[in-house]
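Chemist: Keeping the supplied structure of chain A fixed, place chain B with the ligand upon it in accordance with the hints.
Protein sequence lines, in the order shown, are assigned to chains A and B.
Take any residue in the first sequence, note its place counting from 1, add 1194, and you have its number in our numbering.
Take any residue in the second sequence, note its place counting from 1, add 874, and you have its number in our numbering.
None of these hints come from the bench; they were simulated from the model.
Check the hints yourself; a few may be wrong.
Rough simulated footprint, nothing fancy, chain A against chain B, three-plus residues with beta-carbon under 8 Å [claimed, not checked]:
| hint | region |
| --- | --- |
| 1 | 879-889 |
| 2 | 897-907 |
| 3 | 946-952 |
This structure is a prediction, so every number in the text was calculated from the model and none was measured.
Cβ coordinates follow ideal geometry from the N, Cα and C atoms, glycine included.
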Amino acid sequence: MKYSLFSLAANTLTKHKNWKPALVDAHPKAKYDAIVIGGGGHGLATAYYLAREFGLTNVAVLEKGAIGLGNVGRNTTIVRSNYLLPQNGVFYQHALSQWETLEKELNYNVMVSQRGVVNLFHSDAQRDAFARRGNAMRLSGADAELLGRDKVQKMMPFLDFDNARFPIMGALLQKTGGTVRHDAVAWGYARAASELGVDIIQNCEVTGFEISNGRATGVQTTRGTILSEKIGISVAGNSSMLAQMGGFRLPIESHLLQAFVTEAVKPLIPNVITFGAGHFYVSQSDKGGLVFGGDLDGYNSYAQRGGIYTLRDVVESGMAIMPMIGRIKLLRSWGGTVDMSMDGSPIIDRAPVEGIFVNAGWCYGGFKATPAAGLSFAHLIARDEPHKIAKAYTLNRFASGHIIDEKGQGAQPNLH
Amino acid sequence: MRINCPYCGNRDVAEFSSMGEEPAKRPDPQQADAQTAFVDYVYLRNNPAGPNKELWYHGQGCRQWLRVNRNTLSHKILGVSLAAGGDQNGK
Ligand SMILES: Cc1cc2nc3c(=O)[nH]c(=O)nc-3n(C[C@H](O)[C@H](O)[C@H](O)COP(=O)(O)OP(=O)(O)OC[C@H]3O[C@@H](n4cnc5c(N)ncnc54)[C@H](O)[C@@H]3O)c2cc1C
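Just chain B, with the same shape it has in the complex:
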């Protein structure tokens, strides 16, 4: 598997670490159901078999966090963008 880093170009997966699927928005600690919302946020996962929006860290390259859309069945990379500055749709 190779990931096309926006800074460094196409690099072997061994240079990166995966943080898993991108979590939903962090809940507001003040909201009424904050306790349940945080348990969901920290522990529960969709864990899809197919396209998965993930966060990866290019530790042995530019040290940037990346948003990677990757198919967990085929390992095909469907899109890569910088996590910094973008929203959750990669914009």
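One chain only, chain A, in its complex shape:
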């Protein structure tokens, strides 16, 4: 059913008792043309583009729990394309342009809000680095603007500009960045894919692969064996577990990232703000809560819950730029398991086992990538060749030396 003002009015007349479920709760068939493992944002987007762009509709998404409860429903909803390296710049700029038209395409309100992303800088050296980044962004087709202190002060008078240690000297602004309602993205893609004939199968955990003569022919699941010649793995923090089932290893460690939300207050934070001298970023949700986060906890984890020392560090960084938040109450916090790759950049490639494809290594920043990752992964699965925006995201870049390391940290995932 198409959502519109008319359908809303019609359903109001019948007291909202006749709305149809947004998607069909499908049961597994014996065989599909393609299977996508993982019903997060990426898996659902992949299924949608397989059907919509590549005409593959005999497709199943297998999700071990309910869709939308993984990282897609746990992230801090920020979308941006402020990358330094061209491989990432072009890819994320493509994603950002897809966000701009996604609601119309999906006929679903995912609340895209291009409120701007402001990266504060606190020293001359950092200004130079941000100017360079801004130039690189423009070369990749993104917008970037270097703001002086007075402009930032006009936009956000509440910041502590004269902090003794980290005075605010200006900022790099990406006006087209902002936030998107995270779980709505999962529902929107799921509904649109389901309408195109994709089976979205929940409570169906993949426990192994059917492999004969070195080729994958299907998956074993908690709801029986399901056959397919093309199997895409898109399970974020659990990527290494699926690789293990397929008998290979990935350049990935699973880490813990936390997010925090305060009580609701009146409109306060006009955009997304990041602290340049520590790890803290914040935006305000439409309900009014301040949503913020910071660094990884720093050790391997699948637990989806973190330690209090990370909270302390994040909040201290927040206080350094916004002393006013000291009086606000924290309501909730949670953690997610993120797939940290060895160079901090993602992988969209064939697995070492024929018939299996991998979409992984999204670190703490894969939400903003969702539309482009779905499109590129679908392209790879359907055509068996990489999409032009994702050609650099190969597995063998670690062997060939073509690593994409934005921060130059080396193979130490907890530092990316």
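Modeler: Positioned in the frame of chain A, the structure of chain B with the ligand alone reads:
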């Protein structure tokens, strides 16, 4: 999470840094497949969900490297020993 350091006793995890899972033995640069062996050694991980043998550094304590066996699902510490002098089984 608290780690029971053999030198310093039971200390909060914030005093330590994790280097991740303990790598396999460093390959011999002279061996025939040294190139592939080094790519595996530097970049590939088992990344288990469950007990994981890791290296931790007690930077805000004794500054020793520790071998820590830790469950990545529950964060339970299963064993700690000094990395120096021991082999990979913690002996
Ligand atoms: C706290 C936090 C904040 C973040 N903030 C941002 C941000 O501001 N901006 C940004 O761009 N990114 C952010 N991210 C990263 C982003 O959320 C992820 O990179 C992205 O959501 C990962 O893709 P996904 O949505 O497909 O993952 P998920 O939603 O995790 O999907 C993977 C799915 O696979 C399923 N699965 C796992 N194993 C199996 C199996 N064996 N069988 C079947 N199904 C299985 C899981 O249940 C899960 O539903 C953040 C992450 C966290 C944790």
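Chemist: It remains to establish, for every hint, whether it holds in the given structure.
Modeler: To see whether the hints hold, each was checked on the structure:
Counting residues of the region 879-889 of chain B whose CB lies closer than 8 Å to any CB of chain A gives 3, which reaches the minimum of 3, so the coverage claim holds. Interface restraint, the region 897-907 of chain B with chain A: violated (0 residues with C-beta to C-beta distance below 8 Å; minimum three). Using a Cβ-Cβ cut-off of 8 Å, 4 residues of the region 946-952 of chain B lie near chain A, which meets the minimum of three, so the contact claim holds.
Comparing the model with each earlier hint shows a violation of hint 2 alone; every other hint is respected.
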